[in-house]
Amino acid sequence: MTRTKEIRGFFTKNMVVILLLLMMLFMTIVNRNFLTLSNLTNIFIEMSTYGTITMAMTIAIICGEFDLSAGATYALCSVFFLKNLDTMGIIPAILVTVLIGAAVGFVNGFLVAKLDIPAFVATLGSMTYVRGIALFYTDGQPVSNANQAIYQWGNGSFLGIPNLVLTFLLFVVLTECFLKFTKSGREIYAVGGSRKIAELAGINAQKSKLLIFVILGIAAGIAGVMISCRMASGSAALLGLNTSMSAISAVVVGGTSLSGGSGSAVRSLIGLLVISVLFNALTLLGIGAYYQQLIRGLVVIIIVAIDVYMSLNKKD
Amino acid sequence: GGETGQTGGGTDAQKTDEGSAQAQDTQKDTEQLNIFFATAFMTVPYAAPMNTAMEEYAKENNINLQMVDGEGDSQKQLDQIKNAVTQGVDGIIYWPADAASTIPVVNYLAECGVPYVVLNSKVDASVQDKVPAYVGLDYEMAGGISGDLALDYLKDGGNVVVVEGVMGTEAQIGYLKGFEDKIAQNDKIKVLAKQSAEWDTAKAMKIMEDYITTFGEEIDLVYSEDDGMYQGIAAALSDAGLSDKIKCVCNGQLQFVLDQIQSGVLLGASSQDPSVEGRTGIEVMHKVIMGEEVPEWTKIDCRLITPDNVNEFNGW
Amino acid sequence: MESYALEMIDIVKNFPGVKALDNVTLKVKKGEVHAIIGENGAGKSTLMKVLNGVYQADSGSIRLEGQEVKIGNINTAKSLGISFVFQEINLVPTLSVVENFYLGALLKNKLNMIDWHTMTRNVKEALEKINFTLDPKRRVLELTVAEKQMIEIARAVSGNAKIIVMDEPTSSLSENEVEKLFTIIHQLRKQGITIIYISHKLDEIFNICDEATVIRDGRTIDTRRVKDYTEDIMIEQMVGRSVTMEFPHRTSKPGEVIFSATDICRKNKIYHVDLELRRGEVLGLAGLVGAGRTELCETIIGAEKMEAGELRIFGKKVRVSNTRQAKHNSIGMVTEERKETGLALDFSVKQNIVITNLPKVARKGIWLNAGKEEAAAREYIEELNIKTPGMNQKTMFLSGGNQQKVVIAKWLFSDVDILILDEPTRGIDVGAKFEIYQLINRLAEQGKAILMISSEMNEIIGMSDRIIVMHNGHKKGELEKDMISAENVMRLAVDTEEE
Amino acid sequence: MNKNKNKWLSLLFDYGLLFVLILIILIVSLLSKEFMTVDNMTNILRQSAVIGIMAIGVTVVILAGHIDLSIGSTVSLAGVIVMSFVNNYSMDWTGMILAILAGGLVGLVNGLIIAVINGRTCDSFIITFGMQTAVAAVALIYSGGKYMSGTGGGVHSLLGKGYLPIFFFLFFAVVLFLVMRYTPFGRTVYFMGANTKAAKMSGVNIKFYTTMLFVIAGIMASTASVILSSRVNAASPTSGKGYELDAIAAVVVGGTSLTGGKGGIFKTVLGVVIIGVLGNALNVMNVTTYPQMIIRGFIIIIAVVLDVSGNKLKNSGVN
Ligand SMILES: Nc1ncnc2c1ncn2[C@@H]1O[C@H](COP(=O)(O)OP(=O)(O)OP(=O)(O)O)[C@@H](O)[C@H]1O
Ligand SMILES: Nc1ncnc2c1ncn2[C@@H]1O[C@H](COP(=O)(O)OP(=O)(O)OP(=O)(O)O)[C@@H](O)[C@H]1O
Ligand SMILES: [Mg+2]
Ligand SMILES: [Mg+2]
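Residue numbers (the numbering used here), protein chains in the order written: chain A, 1 to 316; chain B, 1 to 316; chain C, 1 to 499; chain D, 1 to 319.
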């Protein structure tokens, strides 16, 4: 009785991991290109930029918020970095870019934390104006930069692991540590779980909310630098159009509820992997783009629906 | 036909690195070629007839064609192409999302040794010389054809409004430049306003309505950068009862455009046939794989469509 | 001259439209247990929220051990050595017990990182100290209300607070846990810690308090040693008139069976429960906290999935798979958590009252009629004596007891024949309680069948025609009128032998 | 004295949007003589009709504490369905009915899933996002990814002409306004938004209501799409992309709270008109695309800041 319950609990808890493993197993059997180093590296490289944003999004979602403007910020930071790299020099350009990301995040945070604007609206507004600024700044033209140093870094690797993947993994580890072992991190959980109760316990919820948006902005800035290094180019019109929603879906597919108060970086990493592996598999299997899109939508619906349904029945 | 994005189906799963392995497990006697098509946008209407034409050619020539949707994301395109190379394809057709982001893709393609063709949009000038073959329209020339028409219509000068596509795309830049260069020859022609409708019919209609409000019958001519947007412009003009007073020129040969030229509402258009573009693209790719000589730039036929010759064109 | 641990002098606090505190003075002697009593809405909780800095007083002063202090926020209160057990549970549901214990004050190690190890150990010790076992790693959302309340108590007493405020700490505790709490309070007093104790249960006051302050309508009425009080004086001071504390007499006799439930099962919660309800009858549902009474009733009204079982209303078999069907079959339930499941706090009193039966205030059942709505609201505000500045006041601004009355009003308005009342008097002052008892009688006399859950022994014995006792999701027994006694109920409720 | 001041402020915030609207209209009329004409005003309303119909549909969902991100894709799907009939088979009525039913079906699926899993706001956010992706794909598959333009003629091509779009917009707005304001159904939706659990325990069939609300939003979106396709006499499988955000922006600019239970149809109409007037004004004043985006973003934020602080003031102010 309890045994079957335990087993069921295990499956419920680890549904996504099991799904990931099954998917990988299936792909390994049907397609010998799947389990190759280069394919797996490709999967990781692609997720490294928006994965970085996903980590910050995880923090925000734990705090009960999310950000629709991350993709626009990402685009703004990328074009800014590319345009100013030559005049500023690499390190200052990186710093200023990240600072711009942080500034956008601060505005969002101020609106949400101090003025009590729902994040959906605040970031919907900033999504529009930030992209407007990016487009205005570049006059809508794609920007490129021939700087070899950043290009080599963006496409180079260390000990066989691509630099971008390393940066991303570092970000995962930092996020996990921040969430688990720092006071600010734990306060984010408390505020996400219940803002009122956290405040009664003397936690400064406004500070936490401000912080998560600044972190998001910084992450978008870093991701902007990363993509610029990899592609040596950026486009205010095209970059990051789906990034925010992809990041949110990855977090949710990983099993973190949008209602806040729980979640972890590792879970989001798994969510990212599920989505990336799925994409990769569908492409390797030669599924057409329209059907891929259909499957992608259905997968999000099904995973989330099962997850929510299970978590509601878990109390039994 | 919803199969636009669909390709050979299950056979892809058995794809292997060496072409020889393929022959064993299929009943076909000749070796099947694997061609990979990395689209910038698979879901834009323009892509649909292009894909269909390519598939037809592929079927006729026993080619296994795999298409993927880059969703306008240059990084995604890079990764898709890397994956394709990992899988071991015989040739890659690359339709870049934007010019600037092509640098790392072309660098990679040049390095990996897989033959490739660039389709629809040019690559960044800095890597132009590495590209073995480009298939595409000369957008500037196309814009020039429309410009000539305008020049002809507005012999005594007049006022022009422009409805533009997504800013920063090669098409938008070329269409505008070609057109503006031409009408600059007559300094009595004035451009009153330019707004971007982002290739969207409904947005174009709104912009046209607002043009009508602002300038009324001061407008003598509308230049629509593409045919899809023209549908919205035509609707706005006919609603306002101005179809006779305000004339249009546009680029592209949507069936609707041909009908309107036939009935004399639309002055004329520069032709752009996505089917021809697709078919030429894969044809050139095929030739490149077979080791045949191809020109550096295979220009897609572009002519002026007028009521006299409209029957020579196939609408899409 | 005795030394006071806390003096709150001439505190005034205004809310829009409400003078919640009107020159309240409270003086608490060091090392004593001091009770604050008063009707619902008297201002007890508000006074305590002024003490912890959630609200700022409009005027007045606070002195701790003679020193005047300003309390701007809860952290100041904490640092001054005042800790709180709030009327509402204040634990973050998604976090573990350990983390809730240290909420806002997590321990860090030398590396400035969270010290999980030490914290877990400390929590275990703190829980042991109050004789309560619980895995500190469990998430709070998995816990029962009682367990949560015990954590709050353990948290408040574990620090080195000099003053501990407990605002109705026993309202969701079972007898057993109340005992534990009283033991703790005795220990604390021995250690010289001052306790402020707010409760509507007068027997508790007489049991553990040294001194009591009565507050009425935001004003201090009296402060006396508890031994100088009698229950009657206390009640009179609270309500401003004399009230008999006997349960009002009911004239009606139970009639025919109008509702029966057979073999009700709910997965892992309720096992094969049968019950019958007669017209004009009050059936008590007794049991310890967590016995599954709420769960049973939620199953009956279709709020939770019924695994097996059969419902008959007026002899006819009915299917109730959601709450709407229950209402249509004339069953309604006043839930125990009024803020969570009873009211839309953003809605006005009027809107909350009419919500269960909107067609009744609509012309032709389609168009809502403002006049009818107001008439209905006015009627129930008067009948239940709901204290509100007006029927358009948002219910979030009412005191707990008045909120409860609105929830009851809402179900009275729906005209159901079978009314389930889950802890109808929890957190309600004696005056209001009496009114609710009268109301229950009136409903019974009108021929309604009432199923009343209550954890208060007096109440369930005083009000019921018949009592069903539950334990762990099982029906343990049924007591007819002549068998009803506290001993019999307790014997069944704590019965540990399993069938 | 202080009380009086509060009263004025609260009045200002209550009708703040109306003031903002009047202010914008005044300023723009001064700057541009073309703006303040009957033609242009009808023009604005006609342009706003599509987003407007979507917005009032989604308002109902938002009032109940949910959200629907799939309505943009529903517009795309309904558009290609209706145009495929208008063109290929010349059966406008069949096409329109099927298109509207398709919208209802999308809503039904949304609603059923969310009802079955007892989804909260955040769950409907992500479920309808998945639906957005899936429905967009269905539109692509159905149309083969192609443009569909109409040949004109027939009932369908009339719906988008002249005053008809405005009529439909106002018609649906009035109907839904009356339903939400003066019927038990509407009141129950507000109650659901204010406290879903309490609504459930008060005998509201939450699952039924949730499903119905999404169906309403779906049908409104597909109706909007029929009008849109008629207006431009064309549809593409991506024509509704991003419309859901425009519609939701209009709802929140109008002052309906995303947490549910507060706001209403009238506010949404106001929000739609403000956004419409603003967009038109910027176009008429020949502001280019990018600065327009920047201004639009800030307007959304400012409108909501005003609204939220107004509510705060009211809750702390006179009752
Ligand atoms: N935030 C607020 N805004 C407006 N009025 C309030 C607010 N908080 C409390 N009140 C009012 O102040 C008065 C005192 O409420 P309080 O909660 O202190 O009563 P109480 O004595 O604790 O009652 P109970 O025994 O029911 O808990 C009530 O009339 C209540 O309606
Ligand atoms: N022995 C137990 N240990 C832990 N949880 C329990 C135990 N027994 C019951 N519970 C849980 O306690 C919760 C409270 O149950 P329920 O509300 O039905 O009790 P009740 O008899 O109505 O008590 P009350 O209403 O007085 O809190 C339920 O979630 C139930 O699953
Ligand atoms: Mg109280
Ligand atoms: Mg209970």
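Just so you know, these hints were derived from the structure itself, not from any lab. Glycine included, every Cβ here is placed at the ideal spot set by N, Cα and C. Incorrect hints may have been included.
Claimed, not checked - Here are the computed distance ranges between Cβ atoms for each label pair:
1. D:Phe167 with C:Met396: 38 to 44 angstroms
2. D:Ser29 with C:Lys339: 48 to 54 angstroms
3. C:Asn73 with D:Asp39: 56 to 62 angstroms
4. C:Arg319 with D:Ile22: 53 to 59 angstroms
5. D:Asn286 with C:Met396: 57 to 63 angstroms
6. D:Phe208 with C:Phe314: 56 to 62 angstroms
So, going through the hints one by one against the coordinates:
no.: 1; hint: D:Phe167 with C:Met396: 38 to 44 angstroms; in the structure: holds (41 angstroms)
no.: 2; hint: D:Ser29 with C:Lys339: 48 to 54 angstroms; in the structure: holds (50 angstroms)
no.: 3; hint: C:Asn73 with D:Asp39: 56 to 62 angstroms; in the structure: holds (59 angstroms)
no.: 4; hint: C:Arg319 with D:Ile22: 53 to 59 angstroms; in the structure: holds (56 angstroms)
no.: 5; hint: D:Asn286 with C:Met396: 57 to 63 angstroms; in the structure: violated (49 angstroms)
no.: 6; hint: D:Phe208 with C:Phe314: 56 to 62 angstroms; in the structure: violated (25 angstroms)
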